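K.L.:
Sequence:
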Amino acid sequence: MAPTSANKINSSSFRDPTTAWLGKDGHWRVLVGSKRRTRGIAILYRSKDFVNWVQAKHPLYSILGSGMWECPDFFPVLNNDQLGVDTSVNGYDVRHVLKVSLDDKKHDYYMIGSYNAAKDAFIPDEESNEFVLRYDYGKYYASKTFFDDGKKRRILLGWANESSSVAADIKKGWSGIHTIPRALWLHKSGKQLVQWPVVEVEKLRAYPVNLPPQVLKGGKLLPINGVTATQADVEISFEVSNLREAEVLDYWTDPQILCSKKGSSIKSGLGPFGLLVFASEGLQEYTSVFFRIFRHQHKYLVLLCSDQSRSSLNKDNDLTSYGTFVDVDPLHEKLSLRTLIDHSVVESFGGEGRACITARVYPTLAINDEAQLYAFNNGTADVNITKLNAWSMKKAQIN
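Residues in the sequence shown are numbered from 1 upward in steps of one, following full-length UniProt numbering.
What the hints contain is simulated information worked out from the structure, not anything from laboratory work.
Bear in mind that the values here come from a model prediction, so they are computed numbers and not experimental data.
All C-beta atoms, glycine included, are put in the ideal place defined by N, C-alpha and C.
Be aware that a few hints might be false.
Cross-link-like lysine-lysine pairs, in silico, DSSO-like; alpha carbons within 30 Å at most [claimed, not checked]: (1) LYS152 / LYS119; (2) LYS188 / LYS334; (3) LYS48 / LYS152; (4) LYS217 / LYS334.
Label-pair ranges, simulated between beta-carbon atoms [as the list claims (entries may be wrong)]: (5) SER11 / ALA117: 28 to 38 Å; (6) GLU200 / LYS387: 19 to 29 Å; (7) SER11 / LYS220: 57 to 67 Å.
Full structure from sequences and hints, please.
P.N.:
Given below as structure tokens:
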């Protein structure tokens, strides 16, 4: 249905209702994703009986130029607490998150702010007319959170689309998967969300491999033997003492562009160091997940990259590099990385869940028993591995 004078929204630009919440006035509210020309909109509806709904005069929030808002989500998070709360909760100790899947960019973005219940309006903490923060800086879209009342946590589910070609998708008979469910909460800084694989995933761990703390010299590989490299959970932490070696970043650069230009084969002072997953014998294929440290305007910036550029000899696959800066201070914090490996999926969590990157890879050589796993340091300066634990992962039992 085309827009009319009474209804300025095209019927194709109206979808994906949120979880409803109950106001103190006894009325239910729900959001629907939409757009009007180029303005993205979270249309608000109210209902007394959960059957008959009336559109509010004003949307909960909108942004000019942001395009269609798919899969909106609106939910509360507690200040200074990892516990989740019911979607209807509001109060002085609560912040609210507005998340949208931007159809134009195919990424999931969110804002943190407050919910004015009297005016039914979302007020972002940062005065900005655009979404900046993302759930995940790789292949991750159309996500939705749910409140788990039994364990008092908020769970995030997201979709990872393919890196293989359409022809390959048709041949294998499926396309796209859900990622591992993540618990989600507000970071103690109040500036961003934290995501971490749900604790139930740890029940799948088997055959642990625990390597002792050690120095990883520049240019060295450290094999992580004894785990199934195509289905594994790896936790590694690094400590850097010689920050004087950090490369100077003269001007601000998009982190994904930095990761594309400075892959794991490009040396610098501090980095790249991290993990090589799905690595073939001779390293013709590998997917690298790594840190680099830069010095920019008298402060240190930590870059996290997930680089698919060498992941497959099949050039029909998407070989993009993904990246983001992680809000950690290498002067006072260790650089932690957890990576979940599951055949075609590489989910990485940097800075204890402050940065997440999901990649899809389809190697031709590094498959089954031929895949290998390494820690690596291709920087010129040594780094200290303070923790390295890895597990083979059993198959999940789906009830």
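K.L.:
Return the numbers of the hints above that this structure violates; sort them in rising order.
P.N.:
As far as the earlier hints go, not one is violated by this structure.
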